[in-house]
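Visitor: The primary structure of each chain is shown beneath.
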Amino acid sequence: MWLKFEPRPEPSKAMTYLSPILAVGLMFLSGLILFLILGKSPVEGFKVFFLNPLKDSYGVAELFLKATPLMLCAVGLSVGFKANVWNIGAEGQLLIGALAGGWLALHFEGSHSPFLLPGMIVAGALGGMLWAAIPAFLRTRFNANEILTSLMLVYVAELMVSWLVHGPWKDPDGFNFPQTKLFSAQATLPILLAGTRVNVALVFALGALVVGWVFMNRSFMGYQMKVAGQAEFAGRYAGFSAKRSVWIGMLAGGAMAGVAGISEVAGPIGQITEHISPGYGFAAMIVAFVGRLSPIGIFFSSLLMALLYMGGEQAQQYLNLPSSISKVFQGMLLFFLLGSDVFINFRPRLVRRRK
Amino acid sequence: MPTSTSDTPRLAIRGIRKVYPSVIANDGIDLTVMPGQIHAVLGENGAGKSTLMKVIYGVIRPDEGEILWEGQRVTIPNPAQARALGIGMVFQHFSLFETLTVVQNVALSIPGKLDLATLSTRIEEVSARYGLPVDPRRMVHALSVGERQRVEIIRCLLQNPRLLILDEPTSVLTPQAVRKLFETLRQLAAEGVSILYISHKLDEIQELCHKATVLRGGKVTGTCTPSEETPQTMARMMIGVDLPACCHGEPEDGGEVRLHIKGLSHATDDPFGTDLKDIHLEVRSGEIVGIAGVSGNGQQELLRAISGEEPLADKHAVELCGVPVGHLNPARRRGLGMCFVPEERLGRGAVPRLSLTENILLTAYRKGMLFAGLIRFGVAKRFAEECIKRFDVKCGGAHSEAKSLSGGNLQKFIVGREIMQEPKLLVLAQPTWGVDVGASSFIRQSVLDLRNSGSAVLVISEELEELFEICDRIQVIAKGTLSPSKVTSETNVEEIGMWMSGLWPGAKTPEGASHVA
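Protein chains in written order, with this note's numbering: chain A, 1 to 355; chain B, 1 to 517.
Bear in mind the hints are in silico, worked out from the structure with no lab data behind them. Among the hints, erroneous ones may be present.
Claimed, not checked - 20 Å max Cα-Cα, derived SDA-like pairs, lysine to any residue:
(1) A:Lys13 x B:Gly397
(2) B:Lys277 x B:Glu256
(3) A:Lys13 x B:Gly396
(4) B:Lys367 x A:Met221
Unchecked claim - A few chain A residues that face chain B, going by a derived Cβ cut-off under 7 Å, partial list only:
(5) Ala231
(6) Arg236
(7) Gly239
Yeah, the Cβ is synthetic: ideal placement off N, Cα and C, and Gly gets one too.
Using the sequences provided together with the hints, build the complete structure.
Guide: Written out as structure tokens, the structure is:
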């Protein structure tokens, strides 16, 4: 007897939605085994990792705070992913968005203009779009693979941040730490709930989910993107512009990542440092796929991913494990998701071995 | 060669059954082929012909049933075993390496070490003996489709088969090449080789075959002697009902010019594509113009130039209703009143995983389905439902995914979608390719009705019968050039067949003959 995968007559709808749940379950299970191998009690590990972060309302607020940039990046990326536009560089677009908006905050330091904060948000979006426009241009003009170019631009962006905070933008009164001055209150996002760090960026993120849903499900442009992603030749036959799909897909991802970036530096961080993002731009890709590229799914998967980030911090504090444990969980989640997705198009069957 | 007496069947199969997850492909099929017999297996697409042949050739294993080879019960686990028994098969889609020569290709399929020079001599012998001229030293990519088929047949014959299976062998041939093929097959049969001939073309079966087994829905619906039947009686066995005849109506003359192509030349980027050379074409309102030709002679390139999928540098090369459109994309050309039915249905004419309603949007969105950039799904759904009703599309409803429809029903849906947009010019590529007989005649009638309502129609097809049935004028494409136009009633299959080899009066490229012969 051996296991054979045979193609399903049509893709299983149920499996499309069960697959992320199965992946999460397998991730939990492997996590327990991992704790065991590391010599920790699995029950204790599970509690510290997944339950501790949520034990009070402050923890829940932190969860939403961390989910915000993930939601923003993931919903932007999902627009491109639906059209087979593979923007891998949201992390870089996030950083450039933070720089663009942060520059306004630093340049107009002390300004009381009511336009400063909205201007920073717009600048953040434009910065992210500019960074995403480079791979879009290279793809549409020279047919350069956007996976490679967008990924490489992440490192350019990281070095640019590093150079600025070590050099021109360094706070002169900052004891030589690689960071800018703290943003003024006028250049900081208002807190939504007193006693927590949750700010209006969460409203932007929820708004982006709604707009994303309308765009993908109700707009003709979103429809064209879907056609471009599912059947390139049908798009060409209908006369939909493939280049426009690439531009919109890249720019949507860039804009949302840029907003996420400025929301971090004008939010919980309050200044530009070398560590603006713990990999939100990359994790957002996993969020987008676990959420099945749908805004409703992305809402839940970004909360899950935020929990993994918080669990990692907890595990570092209470279990004496390196914080990169959360990356291990992210990786397992993606790995199991890709594995489970096979069952959408195939079903397993036991067959008798042939001679 | 033949070792058995002539009253033992060469091949007898009993109760063959093969079930796939979604369909019963073969359901208790019996078939008997005598030595030296040309036996037709007749049926529509999806009737189970190909599955049955793959069972016999050892490509797939049946779930039930037995195979008797010259009276002995055998199992055929793989094609190598089938060849060892003496079964050869020529597939509908050729399996040749384009970058190798004929003799290298043949050597690959013959077990053991071979001397290519000796093999070349043997190929020449076989090709001379059976009237299958082919030069063993030529590269396969330089061969015409007919020549490639000869290579496939020679490859089988070198192994001295006692049963030869041919799957839809004439779909790629000119009428003249079909005649040559039939001579070869008759000669083989006279030498005692049994032939299983798979086809849905009734006239060919009548001309060639001694016996016919008719399949429908995976079951045998009858066996007959084709020479004693009429195409109508065989069609009834094949589709279960009588064939409806198309009603024509008179062509309108002197309508306005809807499509005008003036001296279009276009070099293709595809290394295996065909360059278009100085194409002139005019289609007027109220007429159907057909373009005949063997596949791969520039049809794809011409279609892309007309549809706008490959925009041209010269905007005046193609004119739609008097407007130069060479530089416009398909959407802009549609805006001027052109609709287009491509030959690939899934993936080009329709998006497989989207619903029929969403597939309506693909081209018909101008019909009031958009408001401020948003989709009015209600309008699209009503359009889809009307299309399903008017064009008799069998499906679960407007919410069904395009890929869940059978080929014929999806084609009716796509043709319906385009016709319901009331085009000034409708372009159809292979409108009934792979479509069952009933749906084919429905589609042809719909196209005729559209013409009678004053639209201009251009049909590009490899099926000559179809063109002769519906077209008012016919032109032929060969090696990227287009012949002059002929009024259908003033020409015949013979003449158009000659032209398909590139030999029309005043043709500039005599070497076209070697390409398509």
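Visitor: Could you run down the list of hints and mark each one as holding or not?
Guide: Consistency of the hints with the structure:
1. A:Lys13 x B:Gly397: 18 Å, holds
2. B:Lys277 x B:Glu256: Between Lys277 of chain B and Glu256 of chain B the Cα gap is close to 26 Å, so the pair fails against 20 Å, i.e. violated.
3. A:Lys13 x B:Gly396: Cα-Cα ~17 Å, so holds.
4. B:Lys367 x A:Met221: Since the Cα atoms of Lys367 of chain B and Met221 of chain A sit roughly 17 Å apart, the hinted pair holds (cutoff 20 Å).
5. Ala231: Holds: closest Cβ of chain B sits about 4 Å from Ala231 of chain A, inside 7 Å.
6. Arg236: With Cβ-Cβ at 5 Å, under 7 Å, it holds.
7. Gly239: 3 Å, holds
Hint check: a violation occurs at hint 2 only; the rest are consistent with the structure.
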